[in-house]
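Visitor: Listed below are the residues making up each chain.
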Amino acid sequence: MSDLMAAGMILFHVVIVIVILLIMPIPLTWAERKVAGHIQQRLGPMRVGWHGLLQPIADVVKLIGKEDIIPDQADRLIFKIAPIITLVPPFAVFVAIPFADNLYLSNMNVGLLYVLAVGGLEIYGVIFGGWASNSKYALLGSMRTCAQLISYEIPMGFAVIGVMMLSQSMNLSDIVNAQADTWNIVYQPLGFFVFFTAGLAEAQRIPFDLAEAEGDLGAGYHTEYSGMRFSFFMISEYLVMLTISVLCVILFFGGWHGFLVPLPPLLWFSIKVAFFVYLFMWIRFTFPRYRYDQLMSIGWKVLFPLSLANVLVTGLFMI
Amino acid sequence: MNHVDPAGSEKKAEATVQNTAQKTVQQIAVKQLPVTETEQGWIGWLFFTDLFTALRLTLKYMFSKSVTMQYPDKEKWQPYSRFRGHHFLKKDEKGNTKCVACELCAKICPSKCIEVVPYEDENGNRHPEVFNIDLGRCLYCGLCEDACPVDAIAMGSDYEFAAYNSQDLLVHKEKLLTMPGKTETGGKVIAASLSDDAKTAVASEPEHAYHWWNLIHRKS
Numbered sequence: 001m002s003d004l005m006a007a008g009m010i011l012f013h014v015v016i017v018i019v020i021l022l023i024m025p026i027p028l029t030w031a032e033r034k035v036a037g038h039i040q041q042r043l044g045p046m047r048v049g050w051h052g053l054l055q056p057i058a059d060v061v062k063l064i065g066k067e068d069i070i071p072d073q074a075d076r077l078i079f080k081i082a083p084i085i086t087l088v089p090p091f092a093v094f095v096a097i098p099f100a101d102n103l104y105l106s107n108m109n110v111g112l113l114y115v116l117a118v119g120g121l122e123i124y125g126v127i128f129g130g131w132a133s134n135s136k137y138a139l140l141g142s143m144r145t146c147a148q149l150i151s152y153e154i155p156m157g158f159a160v161i162g163v164m165m166l167s168q169s170m171n172l173s174d175i176v177n178a179q180a181d182t183w184n185i186v187y188q189p190l191g192f193f194v195f196f197t198a199g200l201a202e203a204q205r206i207p208f209d210l211a212e213a214e215g216d217l218g219a220g221y222h223t224e225y226s227g228m229r230f231s232f233f234m235i236s237e238y239l240v241m242l243t244i245s246v247l248c249v250i251l252f253f254g255g256w257h258g259f260l261v262p263l264p265p266l267l268w269f270s271i272k273v274a275f276f277v278y279l280f281m282w283i284r285f286t287f288p289r290y291r292y293d294q295l296m297s298i299g300w301k302v303l304f305p306l307s308l309a310n311v312l313v314t315g316l317f318m319i
Numbered sequence: 001m002n003h004v005d006p007a008g009s010e011k012k013a014e015a016t017v018q019n020t021a022q023k024t025v026q027q028i029a030v031k032q033l034p035v036t037e038t039e040q041g042w043i044g045w046l047f048f049t050d051l052f053t054a055l056r057l058t059l060k061y062m063f064s065k066s067v068t069m070q071y072p073d074k075e076k077w078q079p080y081s082r083f084r085g086h087h088f089l090k091k092d093e094k095g096n097t098k099c100v101a102c103e104l105c106a107k108i109c110p111s112k113c114i115e116v117v118p119y120e121d122e123n124g125n126r127h128p129e130v131f132n133i134d135l136g137r138c139l140y141c142g143l144c145e146d147a148c149p150v151d152a153i154a155m156g157s158d159y160e161f162a163a164y165n166s167q168d169l170l171v172h173k174e175k176l177l178t179m180p181g182k183t184e185t186g187g188k189v190i191a192a193s194l195s196d197d198a199k200t201a202v203a204s205e206p207e208h209a210y211h212w213w214n215l216i217h218r219k220s
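Chains as they are written, first to last, in our numbering: chain A, 1 to 319; chain B, 1 to 220.
Calculated directly from the structure, the hints in this document are not laboratory data.
All values derive from a computational prediction rather than experimental measurement.
Straight-line C-alpha distance at most 25 Å; calculated DMTMM-like pairs for lysine to aspartate or glutamate:
hint: 1; chain 1: B; residue 1: K90; chain 2: B; residue 2: E145
hint: 2; chain 1: A; residue 1: K62; chain 2: B; residue 2: D73
hint: 3; chain 1: B; residue 1: K91; chain 2: B; residue 2: D146
hint: 4; chain 1: B; residue 1: K107; chain 2: B; residue 2: D168
hint: 5; chain 1: B; residue 1: K112; chain 2: B; residue 2: E145
hint: 6; chain 1: B; residue 1: K112; chain 2: B; residue 2: E174
hint: 7; chain 1: B; residue 1: K175; chain 2: B; residue 2: E160
hint: 8; chain 1: B; residue 1: K112; chain 2: B; residue 2: D168
hint: 9; chain 1: A; residue 1: K301; chain 2: B; residue 2: E37
hint: 10; chain 1: B; residue 1: K74; chain 2: A; residue 2: D59
hint: 11; chain 1: B; residue 1: K90; chain 2: B; residue 2: E115
hint: 12; chain 1: A; residue 1: K301; chain 2: B; residue 2: D50
Chain A with its partners taken away, still in its complex shape (with noise of 0.2 Å):
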């Protein structure tokens, strides 16, 4: 009977947090549109709600009343599946994050590589999507994601090997508590630029979104999708935003450790996540997209020789 308790608590927490992550989309879509207006001395969306609040529940609505078009030539299987499959990942990687002092879903010892390895995933559903549209600008999207996504895990993990070789472990709770009283930026601030980097290549976001390139792709692998499995592709991207944003709090930034101002440990969490987000955000709307010659030798050229110099130096001064 208290197995069968603690199985409904577990699964209790678990739809909490994934309701929590389908709702987040919605506030930043809205946060994205508004910063984007704000840089380019626009408004965003005003008209629906206060300052546009409720302008995403309004293309939730749109979405959801699009035809679901299915193209003639499509892989019909694969092409349905696709959508879910990106979906999956980003949902998964929360399972081990700690969001505070003993809340999480799972205490992993080898948190960092379970969130590594199911945050990879992401890419069968982006490859799937682009291979069984059966169009020229989904396949060459795919095909560029695929790429940029294997060229940037490598200095991604190797990045993090630095926070690892600090925190002597690889359970995200031991290492957000490593840093109680400094946070590791202060010993990986070159870890944490490639990391920061890396993510952003992971997340496919301007500078490095090359898999959807509207200029010269249409939309990329999503080209074809329309209504609610183009907006599984869309939850996707944002939630690996957040997983990205999340990962650099935990790994770099003390997770829920605070500085100066006590508040409560969620919060500070919500708030050093909030400064992420927008920072991709920022960066969205500040650079333009790298040529793709110039994505692969950022990411083999600069960020790899980076990522194993951090390595180096950091083993060096443990020793």
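Model the placement of chain B on the given structure of chain A, informed by the hints.
Guide: What follows is chain B alone, placed relative to chain A:
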């Protein structure tokens, strides 16, 4: 020697001209300075100062005031007094039309969109019986305004007269007499609201009037 020299110097001159031309081409082609000679220098290059400059600039824009005019339901543009909008006919102190139906405006109109039919009252004064303007053909040059000897017709501040039907663009004397005149304090964004009765934006008092172009953020 004397015979050869001028030709040789000419050739030399040509060669130097060609050389300078090639040099300028080369100078234009090589635009990229080495990192050490740029504004940011080596240290700046190493720490990506150019990227941070860009981020600082967009942050400034982010917290500068927006230039959006929320037309037509919240704000609208009140044009300058020299603006040439919808025509209007002026009245004298007694409330009669100033127009003496001389038809000069109809004569000077380059698109022939004004139609005036005069009539004479018992005192022998001329008045317009019909005064039609086809706004669909008018090109808003303002020549009618200049031609008028009694300052009766002018172009006012109203610019919201889009119509679904070109017949609706043919306006008559009665409407021309009621159209708003020129603005005294124009060139502003003013508060506006959509009234369902008039189906057009109705301007209220210019409390929130401002010059929107002053808000455009320029890098000094």
